[in-house]
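Listed below are the residues making up each chain.
2 protein chains.
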Amino acid sequence: MKQTVPPVFDDDFRSILISLFRWRRDVRSFLPMPVPQVILDHLFELAHLAPSVGLSQPWRFVMVENASRRSAIKANFEKCNAMALAGQNETRAGIYASLKLAGLSEAPCQFAVCTEAEPEQGHGLGCQTIPEMMSYSTVTAIHTFWLAARTYGLGLGWVSILDPEAVIDVLDLPKSWKLTGYFCL
Amino acid sequence: MKQTVPPVFDDDFRSILISLFRWRRDVRSFLPMPVPQVILDHLFELAHLAPSVGLSQPWRFVMVENASRRSAIKANFEKCNAMALAGQNETRAGIYASLKLAGLSEAPCQFAVCTEAEPEQGHGLGCQTIPEMMSYSTVTAIHTFWLAARTYGLGLGWVSILDPEAVIDVLDLPKSWKLTGYFCL
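Sequence lines, in order, name chains A and B. Under the working numbering, think of the first position of the first sequence as 816, with each following residue one higher. Under the working numbering, think of the first position of the second sequence as 816, with each following residue one higher.
Treat the hints loosely; a few may be bogus.
Identical copies go unnamed one by one, so any copy, or any two together, can satisfy a pair.
What the hints assert, rightly or not - Derived lysine to any residue pairs resembling SDA-like cross-links, with alpha carbons at most 20 Å apart: (1) 894 to 935; (2) 993 to 875; (3) 894 to 822; (4) 915 to 937; (5) 990 to 887; (6) 990 to 967; (7) 894 to 943.
Calculated directly from the structure, the hints in this document are not laboratory data.
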């Protein structure tokens, strides 16, 4: 796949790329059959092509397959979602309650994406004044995965209504990792 | 450009998309002639196709053209960069000093990208437990701009060695806006 001569991206390609931007989908409904492993592997591999501050590549992808961990994460979502609902005013509460905000019971493929707060790689370059740059790098990896997934006809559900520290605990991950997002596919 | 029938993204398109991921460039050298306004406008428009939490679209793009503001931002970079250099150990200091980390004197086009911390749009949906979701949405808009820019043969320089609050002050922006990044093109 690698080339040494910079490619030219023509108008036809740009037009389909724009269509990809338009048709990328955040989904909350999932088919029961799992995404083929070969496609998943390819998407995770492509995510590593994302930019990162100081080439730190601080993203950490964690597949979540264990049933009891999935249940704990679903319970955490339900707790956080109930609190968010309680914080809505009367007009908005009905609308909020009607939204499907996760698909944690159905989604056959689930993974967490974390950020190593102080990775050795990159030596902290470019992060002194805006330490969030690490998480921002991880977000570009997620977005790369998301766009590439759509080329396989796949949407992705980004679940953000979770207590990030609780998820790190449930998954027994290093304390230096910060949850960036939890995803259903 | 809009279609109502979901498009199919074939293997040929995916192959060029992967090439785009590989050839997206963070640049520190700039040609003296400005990027044509029609291309800039198109890129900013495309950035709005990025995903955002609760469809909040919290990104705010701010062109920086005023010479004294540019000077103030360059001075801020130099101060922050000197501090970052001072924080390097002996082995790394020489390497650090040799890096070109900005192009603030040469880049004909410069803009800040900010995040409205609590935008009305989206009603704060999905942001209660992870408020950083707003900035993460802005990062996907930046990444969309970046990928689309490459189809025009353009790299983008993300300058993160800046005091984010100082940049908000220099640009006289609302205090509820947070600097996500500063860019050279």
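Checked hints:
1. 894 to 935: neither (35 Å within a copy, 24 Å between copies)
2. 993 to 875: Within one copy only: 9 Å inside, 26 Å across.
3. 894 to 822: neither (49 Å within a copy, 38 Å between copies)
4. 915 to 937: Cα proximity of residue 915 and residue 937: across copies only (15 Å, versus 39 Å in one copy).
5. 990 to 887: within (18 Å within a copy, 38 Å between copies)
6. 990 to 967: Classified as neither; 34 Å inside a copy, 42 Å across copies.
7. 894 to 943: between (35 Å within a copy, 12 Å between copies)
Violated hints, listed in ascending order, are 1, 3 and 6; each of the other numbered hints is respected by the structure.
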